[in-house]
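Chain G: place on chain F using the hints.
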Amino acid sequence: MTATLVFILSGMLAAATPMLFAALGESVAERSGVLNLSVEGMMATGAAFAFAVATLSGSHTLGFLAGGTAAALLSLVFAALVLVFHANQVAAGLAIGVLGLGVSAFAGNRFEGAAIAKPPSLDIPGLSDLPVVGPILFSHDAMVYLGILLVPVVALVFTRTKLGLSIRAVGENPEAARAIGTPVLGIRLGCVLFGGFMAGLGGAHLSIAYTALWAEGLVAGRGWIAVALVVFGSWLPFRIALGAYVFGAISLMELSVQGLGLAIPSQLLSASPYIVTILVLAAISRDQTRLRLTRPLSLGKPFRGQA
Amino acid sequence: MNDVLLRLEGITKRYGSLAANDDVALTVRRGEIHAVLGENGAGKSTLMKVIYGVTRPDAGEVLWKGAPVSMRNPAEARTLGIGMVFQHFSLFETMTVAENISMALPDSPRDLAPRIREAGARLGLPVDPDAPVHALSVGERQRVEIIRCLLQDPDLIIMDEPTAVLSPSAVPALFETLRRIAGEGRAIIFISHKLEEIRALCHTATIMRGGKVVATVDPTATTADDLARLMIGSALPHPVRPPRELSPKPALTVDDLVLPAADPFAMALDHIALKVHPGEIVGIAGVSGNGQAELVRVLSGETRLPSQEAPRVRLEESSVGDLGPRDRRRMGLAFVPEERLGRGAVPQLSLADNAYLTAAGLGLSTRGFIRFAAVKAFAESLIAGNDVRCSGPDAPARSLSGGNLQKFIVGREMALAPKVLIVSQPTWGVDVGAAAAIRQRLVDMAGKGAAILVISDELDEILETADRLHVIFRGRLSPSVPATVDRDRIGLAMAGDFAALAAVAPDRSLAHA
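Those protein sequence lines, which keep their order, are chains F and G. 133 is the number that the working numbering gives to position 132 of the first sequence; each next residue is one higher, with no gaps. 510 is the number that the working numbering gives to position 493 of the second sequence; each next residue is one higher, with no gaps.
Chain F extracted, bound-state conformation (with noise of 0.2 Å):
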């Protein structure tokens, strides 16, 4: 029992992680005023050019990075099209996902069933080796600390800088915030790219260091289900982390519980994840007055002033 407990905790963290950083991402271009609902193609594409990149490069760094840069410039397609050329955000965000499957399957085909060296975990000397503790917290590679960071200070930026009110004041009210010299599609496009850079990340972890395998598909639905975390999540950071916490926890459980031989349909325990993830966000994000003071105002809406 134990046992099962730790496999479900000490993997919840790195099955989170890939749904967090795009999460994560989303939430603040949403903040901005920008749905973008290319998510999933997003970290398809990411996860694509991590792998091809980590492959040949024999570097997770370098992985990473062309991950986050290839979702990056597939969200500045997506900026151009909503921001300059005003088009319906989310006829754009799902025609780009779409390419993005495309970029991805075409990136990825030589890679089709190749594995590679996941990324060294930061073992902490010590801590790492604690039984129950170590495995569950401190065995993990660098981007699951990273996620775990991210949250936190995504939650300052928004609270105590500049730079978060002004996305803020972007997102609830675009023409004011214009006419106080704000410049709003500047910081939508810088928004939109941290989205999508986000997304790529997510991707890459997932193809080069949670499952380290390539796979056509890889993504399955994670991508919509970061987007599911944001709004469920009342674009709050710790409730965006709690949810995929909870998602990734309950994705594992579905798989001891399989292991387990139980009579349960096991479409019921795949469909798990989702149900209960949106259960307990639905659950904690009940206050609607504290939901509309989060839900950005203008999402979705086109800003047709000149910045």
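Everything labelled a hint here was simulated from the structure, so no lab data went into it. One thing to keep in mind: the hints can contain errors.
[What the hints assert, rightly or not] Calculated pairs, EDC-like style, for lysine to aspartate or glutamate (alpha carbon to alpha carbon, straight line, at most 20 Å):
hint, chain 1, residue 1, chain 2, residue 2
1, G, K66, G, E93
2, G, K66, F, E176
3, F, K163, G, D128
4, F, K163, G, E110
5, F, K163, G, D124
6, F, K119, F, D142
7, F, K163, G, D147
8, G, K229, G, D39
9, G, K211, G, E355
10, F, K302, G, E110
11, G, K436, G, E262
12, G, K436, G, E334
[Stated by the list, open to error] Part of the chain F face toward chain G, derived, beta carbon under 10 Å:
hint, residue
13, R169
14, G172
15, A178
16, A180
17, P297
18, L298
Idealized CB from N, CA, C, for every residue including glycine.
Coordinates of chain G only, in the frame set by chain F:
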């Protein structure tokens, strides 16, 4: 003279064939509160856009502190020392006061907090820097806007109809603040069309009509009627009220209405009783936020009562308290809400479509199909008949100025020839000439036998149109008194002292009301 801060000479701005500003001259001195007075479309807004750097004039010169300047955008105007407080606030609701103000300044919210408190104390603008803006009242939000503008240390502040959003009781405090600001050597351009306010506050008034300056006067030495004559080019009409016969049966009755507050920001209604007879106008005076909004929602059907309480609201003989707006409208009720966009009209829809929404019953549809030609003709007749300035029946509602849209909505509801008409803030934001026209039409409708209830923040409006009035205070409604009552007594009642009205002899003609 070295105290001249801003001088405009020969400013001309054309939009196509229309001269929005035609050879306009204006001189503003330090420490002066300078009114720019004019009806909607007189060219005030264009002139302010020129001064604030939003628009460049086609001809003419802007002299700032004696030197000619050419501003390309508002940021340059702010750098020169010109600030503006907008009529529609540009605040972010999800942020605190200090965070909002820090958006326009290089400082951090934490450093600004003491400066916000200091400026607030010095100028009579108390605000809590840590309060979230969404929790502030309209008046408090305006204070935040003013402080945000002042912390940029401007020499000249342009205020676009600052009293339009305030309740009458908040206006004197704002004026005191503006006097203090002027006392610091700053100049204020005060845009308004409320004549009494300009006479009470301003040192100089520049009056515009049709894009031209028609006069520059000392408003304290000019009567309101003279100012109005200059502004609209003819004498200000006052509604004429012919004597009329009142039917003894009330068309609208509210009986001992009690409604608990729906949320912490709402006002509970406390045993409200009123009657409106065919042929009369009843006014409800009071500072906004004392239960008017809640009462209006009960009357319109937006708030429904439980069915056992249905008889508390009656249209003629029928109990309607539990019916929705649609059923009540079928029974002859028409309603002009306070918010034009979103409640009085759908912003995205054209005027024609908006006309159809409440007037479908006027033969505008056949077996469920809309008769577009008839709808368009109806909308055109409303536009022509109510002097609505717009590009035509296809113009989306949100493209109209507030006053013009109000004229359209009031006209639409009047065209239904209702038995009972409820009008909330009938002339809010409407300029003087058009407001007088709307008031006259209300009086005319009552003359034809409609029962009209007018809810307004503007006491003058109620005194001009209503036969009787009630005062509402903290969800309680005073007994009705004739509209001939002394204003001071009504003022006392608006502050909660209903006994001040009790001294008035009850209205003999309608003593039963």
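Quick rundown of the hints versus the structure:
no.	hint	verdict
1	G:K66 x G:E93	holds, 13 Å
2	G:K66 x F:E176	holds, 16 Å
3	F:K163 x G:D128	holds, 13 Å
4	F:K163 x G:E110	holds, 16 Å
5	F:K163 x G:D124	holds, 9 Å
6	F:K119 x F:D142	holds, 9 Å
7	F:K163 x G:D147	holds, 16 Å
8	G:K229 x G:D39	holds, 5 Å
9	G:K211 x G:E355	holds, 19 Å
10	F:K302 x G:E110	holds, 18 Å
11	G:K436 x G:E262	holds, 15 Å
12	G:K436 x G:E334	holds, 13 Å
13	R169	holds, 6 Å
14	G172	holds, 9 Å
15	A178	holds, 8 Å
16	A180	holds, 5 Å
17	P297	holds, 9 Å
18	L298	holds, 8 Å
The structure meets every hint from the earlier list without exception.
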